[in-house]
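Guided by the hints, dock chain E onto chain W, whose structure is given.
First to last, the protein sequences are chains W and E. In terms of the numbering used here, the first sequence opens at residue 1 and continues consecutively. In terms of the numbering used here, the second sequence opens at residue 1157 and continues consecutively.
One or more of the hints may lead you astray.
Claimed, not checked - Result set (SDA-like, lysine to any residue): computed pairs, CA atoms no more than 25 Å apart in a straight line:
{"no.": "1", "chain 1": "E", "residue 1": "Lys1606", "chain 2": "W", "residue 2": "Ala957"}
{"no.": "2", "chain 1": "W", "residue 1": "Lys584", "chain 2": "W", "residue 2": "Ser384"}
{"no.": "3", "chain 1": "E", "residue 1": "Lys1606", "chain 2": "W", "residue 2": "Ser384"}
Stated by the list, open to error - What follows is a list of derived Cβ distance ranges for each label pair:
{"no.": "4", "chain 1": "E", "residue 1": "Pro1633", "chain 2": "W", "residue 2": "Gly1050", "range": "50 to 58 Å"}
{"no.": "5", "chain 1": "E", "residue 1": "Arg1214", "chain 2": "W", "residue 2": "Asp325", "range": "24 to 32 Å"}
{"no.": "6", "chain 1": "W", "residue 1": "Glu432", "chain 2": "E", "residue 2": "Val1480", "range": "18 to 26 Å"}
{"no.": "7", "chain 1": "E", "residue 1": "Asp1186", "chain 2": "W", "residue 2": "Gly946", "range": "46 to 54 Å"}
To be verified - Part of the chain E face toward chain W, derived, beta carbon under 7 Å:
{"no.": "8", "residue": "Leu1180"}
{"no.": "9", "residue": "Gln1263"}
{"no.": "10", "residue": "Phe1344"}
{"no.": "11", "residue": "Gly1359"}
{"no.": "12", "residue": "Asn1626"}
{"no.": "13", "residue": "Pro1633"}
{"no.": "14", "residue": "Asn1636"}
These are calculated hints, taken from the structure and not from any lab test. Heads up, the beta-carbon is just placed ideally off N, CA and C, and yes, glycines get one too.
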Amino acid sequence: MHMFNNLTNNGWVIFTYLWFVILPCYGQELASLPTDYSPTNLQYQDEQTATLESLLIAYEKKYQVSIIFNSDEIGQQKVSKLIDDSSLDSSLKSLLNPIGLTFKKIDDNVYVVKRAKKRQKSVKKVERSRTILSANSPPARVKRLRANPRPHKVEMVQTISGRVTDLSTDEPLPGVNILAKGTTTGTVTDINGNYRLTVADEVTTLVFSSIGYETLEEVISGRSTVNLALTPDIQSLEEVVVVGYGSVKRRDLTGSVASISSEEIQAVPVASPEQAIQGRVPGVQVTQASAAPGGGVSIRIRGSNSVNAGNEPLYVIDGFPVYSDNTLSNVQGRATRVTPNALASINPNDIESIEVLKDASATAIYGARGANGVVLITTKRGKSGRNVVNLNSYVGVQEVRNQYDLLNGSQFAEFANEAVNNIPEPLPPLYEVPSAVDTDWQNEVFRTGVVQNHSLSFSGGDGNTNYLVSGEYYNEEGVVRGSQFERYSFRFNLDKKVSERVSFGNSLTLSRSDNDIRDILANTLLALPNVPIYDSEGNYFLNTDPALIIGSGSRLDNPLAVANEVTNELLTTRALGNIYGEVKILEGLTAKVLIGGDLIYNKENGYTPQSTLAGLDLGGSAIQGTVENISWLNENTLNYQNSWNEKHSINVVVGHTFQRQNLEAYNLRRTQFPTDATSYYDISAGAEDQNISSRAFQFTLNSYLGRINYTLKDRYLFTFTARADGSSKFGEGRKYGFFPSGALAWRVSDEPFFQNQELLSNLKLRTSYGITGNQEIPPYRSLNRLRAGRVIIGQEAVTSYNPANELPNPELGWEQTTQFDVGLDIGLFNNRLNFTADYYHKLTDDLLFQVPVPANTGFRFIWENIGQIENKGFELSLNSNNLVGDFRWSTSANVSVNDNRVIELAQDDTQLFATLFPNTPGNVNNIVLVEEGAPLGSFYTYVFDGIWQSQDEIDAAGTMPNALPGDERYRDINEDGVINGDDRMITGSGLPRILYGFTNDFAYKNFELSLFFQGVAQADILNITRQGLELLDGDANVSTAALDRWIGPGTSNLVPRATSGGSPGPLLSDKYIEDGSFLRLRTLTFAYNLPTADLGWSWISQARFYFTGQNLLTFTDYQGIDPEVNAGGQAQLLQGFDQWSYPMQKRYIFGVNLTF
Amino acid sequence: MKSNIVTLSLILALFSVSSCEDVLEEVPLDFVSPENFYTNATEARIAAYSLYNTLVNRNSYNVALWKLNDYATNALDGGANNSNIQLDEFTYDPNFGELGYWNEAYQAILRVNIILENVPDINMDETEKNGILAEARAIRAWHYFNLIRLFGDVPLRTEVQITRSEAANNPRLNKEIIYDLIFEDLAFAENNLPLDYPSSEVGRATQGAAKTMLAIVHLTRGEFQQARDKAQEVMNLGVYELMADYRDVYDPDTKNNAEHILSAQYQKFRVGAWFESILSPAGSVPCGFNQGTVSREWYDEFPDTYRKEISVMTTFVSDAGDSVEYDRPHVKKYIAWSQLDRGGCFSGENNFPILRYAEVLLIFAEAENEVAGSTPAAYEAINAVRKRARTWPDGTEDVEALPDLAGLSQDEFRDAVYRERELELCFEAHGWFDLVRTGRLIEVNQAAGKTNVSETHLLYPVPQSAIDLNTALTQNPGYN
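Same shape as in the complex, but just chain W (with noise of 0.2 Å):
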């Protein structure tokens, strides 16, 4: 006892440390607080005496415990109340001791008084069992034995025990919570779903309850052994989700949240946990922003809010919010088709689950960064009572699903003769035909890729201190030769409860990975077919002769030599953690203190050896580079939860956070080595020092947040949410924001009108209505800025301070997004059929908008907020338990529709473009376009109108007089007569209207299949690979179209001549927009469990042998590698590009996991 009170004083004095030390700007005012403060909150202060039993249930109720005691025998004693009460253990002990009497705690929360013995000193050992009353459970009625005439005796007893399996599987089901009903007296099963339960004579009936089952009640009728198979609930109302700051069950929530658990997570092998939610959760996006290696991903929740500010949601990953920008690991600051992906080192395996919050009720306590929703990730963690250990390990292979047709040597040498005679002043054939040579530079450079991965954890713990350590190793190897992922991951979940009143714990992982990044898919399509890959002493082959120099004169790189030879690879250690501690500081009240990390320390190194033509030209290019990006977090959160009348139930969460992030780089790079030996080991051997960089940035995020659930009549659910944000990125005075939202929910199947029937298990009808905000942007946009640059002056290198190129606005503030959401969830035939639907209409005003602005002012952009978008759409999800038994069939599927809309734009503008897409072949300005009334970032083009065929028809139609036979023409959409910049039109959209995901479990005995589809609909893509390999100027190889090309009068309407140059070059037009819809077998899972219990192995409690095939089948017509791309990231503006993209892969994949 001693100790304990030790403890608990240590835990305050750390916990108000904690308060007075890290809250910023409040310091000064709690110190100047009296010291000698005391207020009380006994109500029965005045009276010197009570009785017995009155001040028992008073404990009951404050500690939330059941004391048993004989309430005839000694509840009317009276005692001194001026007791210690610093404890429930040392109050009894200095109420009860006086006056004769002991007390014994035979389980967490149940306390049994009686008299004392006289010389008894030990407490004897109690067997131990577990309470099914956790922390968070509002306190149960405690049946006392104070009608029974006779004393109670815990001397009378009985003892049951028994088996629990799962009815559909006939598997032991461990971790059924049993409980002696109306008694706090329970027990859980063990790892082969026995237990033991010893409780008082009086009990009669067993409940029986486990998550993902129906509960269920068992009468004892005096048998000593109760052996029972649970059903599975297959979307169990009493599941607990995880919600900011907190977690309700499913029946309390009045927003809109899916969850995905771990086994669907494992489910689907992937890298990354956003992966896993692809297809799963009806109004979330997921695109791969590369299908390399460890590359990016980009989601979107209920559509795109903002036009230049980040679009991705927030992920909160065990309480530490992470707004994941690809572009933050990425040393060198350039655009990359290959994003590494900002969450790549959290291993899968270890989630518990993820939560994605997608209404402003579930969303608004996140208030400034909850405008796109928000992703939970939450890690597991130890249970009690059980040490498992789990090993996942699974080994497969990938390759490309596709590839494109290309020209072979013969014909790529016919075809660039052509173009090269095809201008002005032709030149002399440039190739033999038939070429000698033929090289298929994609089966060179594709391959076979090995994917592994090995994880394994050990969890458990004895209710006091429970705890989760893991270890992963992840190998990639990408279908492009050289492409490689490489990942170590360990974890360590502590959860430590000192005391009855004191908890604390952390979350952590660390982390590591090695990433080979080869963006060289342009390369590879358009590299010459007819070099060869090695000259005749065996080298690779370069290109060097300068008489086959032509066109732009940029010379095409061995794609083998580039990809088997050059280093490029970015290595990321990265810890991510948190402590924190937990004080009761009164019955229902909790306090938290978190303080949690996110540093990530990314390097990058490079080399270009002599042995490519890049590598030749420089002398050898070494590139060594960091970032070291750290997160702070600090969150103060206080919970009182309290329940009155059987009527009311109330929680409430307050609470302040602060987070800073700090951003410093640095970059050095060289060329010139005598030697390829040293790598980028040893930069200084290059020539002289050049391109040395460094930046850096700080901000800053300080919030006061705050809700209130309020339940009436379990049936009745309110909840009200804010949350003020204040962030440095914002003009003076605009920095703080308000985000209030509102939301309530009925559940019409607790009306006792509704208990008449069998049909409806469930029916919940929601509301949310709420604010939100979006802060995504770079950091210092309010403010001038003046960045340093470098001229030669007096013959040597001088710093210059340029103006940014971005005119400062002051007056930058807060972009928001107001949400209305109504939804529905109905649970049929005892909730085998369970169905939510949801309508969600969001409006988000004030947008971020990095404007273009007329270089006539000498700036490009500023960032304003201006204009408002419309987000509307509705989702639907279905689960359905087809069949049970023996075979048993379950399906989900869920569909939503998002219509995007951009309302309006600054006053006098009804339409503005968007940034330019960078190293766009062609002649391509301004392709994307924001227009009042279109969606957001629609594709701006000129409209494909045949090939012209004669100079007549060219004279006749006069619209492009420079034009010449063989060329592309376009439509004179304004009717003026003559094509220019007005002839362009909006002619696709990047962002898919209609997403949707199917999947279909089978099981029969110990086998299980599981099909999952996913599919896009009504969506655009805009071909930029496709446009540059059509591109018939014979500089590089082209796809196949070129050999339908025009070559006179009447050969084709598609296609256009070769030729080098000489007219208006080909213009971006809807030629290359198609239609990226698909449907594709994502994944296909065949397991096999073995049957463990049977074959009387205990030491295993599962044996799991699986096949999964992921991409195995796609359905679509885009004509690319593969319709699911997005070249842009997670650049809102550039969704729907596909430009040299990395290929997407099929996989097939061997695993099996097992469980001790």
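Frame of chain W, contents of chain E only:
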């Protein structure tokens, strides 16, 4: 008791919303804020340095300006490069990719305007302060002059602050209004710029540069008397002279020599020259892009002198004696002989001449001839250029190929100056400017078989991307 204190503290802490703006104040880390910059002479000088980026960038003299000028003549061929062919054949349109000088010039003008707004308040030596203001105004005048020459009427910007809606409705002003600003700027510049700088400041605009600019502006406007006078003033400064060896004009080892008046300054690795890589053929410099293909006829008619040897070639012979032969003639003058070992493409060491003394002599000769006929002073100026052109490093002269001029009529002399400019200043971003200025663009190009060229091409189109954002802009005739 303790619990009560803590409880109360917590509640107070949570709800006493005091000013937390301080923790949210943004502190500049890797940039400086103009509000606390421009405080002393050093910072004023650093501000002045920012002017020179705008001459060396890709969309300025590094690539765009010579492309717009030199393919539009009968000298450079488009080769097999689409954008070069379009320039060569006059088939470009408002979407054309080489019109980026529009953006570049206005970025330069912004930097000038920032200096003009901030530097006057700095407490520093008045002479140096006025020098910096003059330097800024000279650079602004030159960019406006280039804009007028390329695009005609353009929007005028003389202030930093502008709202986006103003900028989006910023119409083109009559070029005469802009010429007024140019003359005002250059008058201030020639009166306040230093004659020269210490070697650590070489490369900045001088009094000679301002006067040369004035001479060219007047010449372009047909104001020959003023052009002659300004050229004369430059000649009288006694600062400039022709380099004896024509190759030394371009050689990195002798950059910023006595002939240079204003050059775009480059240094390998730091601010690399691109024009060398782009114009030089493969096999000559480490990363030749073959875009400097010279018309065979023009090559054949180039008088066979030392100047031709330096300017163009069909065979490249390295200093080590290795040789590469080419089917077609190529530009040679930018091969940085003394610095061939540099690091990769786009990292040339040589400067690009913007204003040089040979041009001043030719301006003088041309203007003098227009004002007073082919006077001895006119002959002296042009013949100085011709003598240097025919003189080999060993002193031998190709007198037969390029004799001193004498006894020409005013018209003959005029043609002779035009021809001399064409040869002496080839590939130096003068070709199209000169042909338009002298009214010969259509004639010369049609004679070279380029049938597309028309009145339309006396101006370049306003970039479509500029019109997209500034709806008040109109397009030049013929491009709609």
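Hints and how they fare:
Restraint check for Lys1606/E and Ala957/W: the C-alpha separation of about 23 Å stays at or below 25 Å, so the hint holds. Taking the CA atoms of Lys584/W and Ser384/W, the gap is about 21 Å. The hint holds against a cut of 25 Å. Restraint check for Lys1606/E and Ser384/W: not satisfied, since their Cα atoms lie roughly 87 Å apart, outside the 25 Å limit. At about 36 Å, the beta-carbon gap between Pro1633/E and Gly1050/W misses the expected band of 50 to 58 Å.
Arg1214/E and Asp325/W have their C-beta atoms about 29 Å apart, which keeps the hinted 24 to 32 Å range intact. A hinted range of 18 to 26 Å for the beta carbons of Glu432/W and Val1480/E is consistent with their spacing of about 22 Å. Here the CB-CB span from Asp1186/E to Gly946/W is close to 52 Å, well matched to the stated 46 to 54 Å. Of the supplied interface hints, the one on Leu1180/E holds, with its beta-carbon coming within about 4 Å of a beta-carbon of chain W, less than 7 Å.
Given hint, Gln1263/E at the interface with chain W, holds; its Cβ is 5 Å from that chain's nearest Cβ, closer than 7 Å. For Phe1344/E, the interface hint is violated, the least distance from its beta-carbon to any beta-carbon of chain W being 21 Å, above 7 Å. Hint on Gly1359/E holds. Least Cβ distance to chain W is approximately 5 Å, under the 7 Å limit. For Asn1626/E, the shortest C-beta to C-beta distance to chain W is roughly 4 Å, which falls under 7 Å, so the interface hint holds.
The restraint placing Pro1633/E at the interface with chain W is violated, with a minimum CB-CB distance near 12 Å, outside the 7 Å limit. Because the smallest distance between the Cβ of Asn1636/E and any Cβ of chain W comes to about 6 Å, under 7 Å, the interface hint for this residue holds.
When held up to the earlier numbered hints, the structure conflicts with 3, 4, 10, 13 and fits the remainder.
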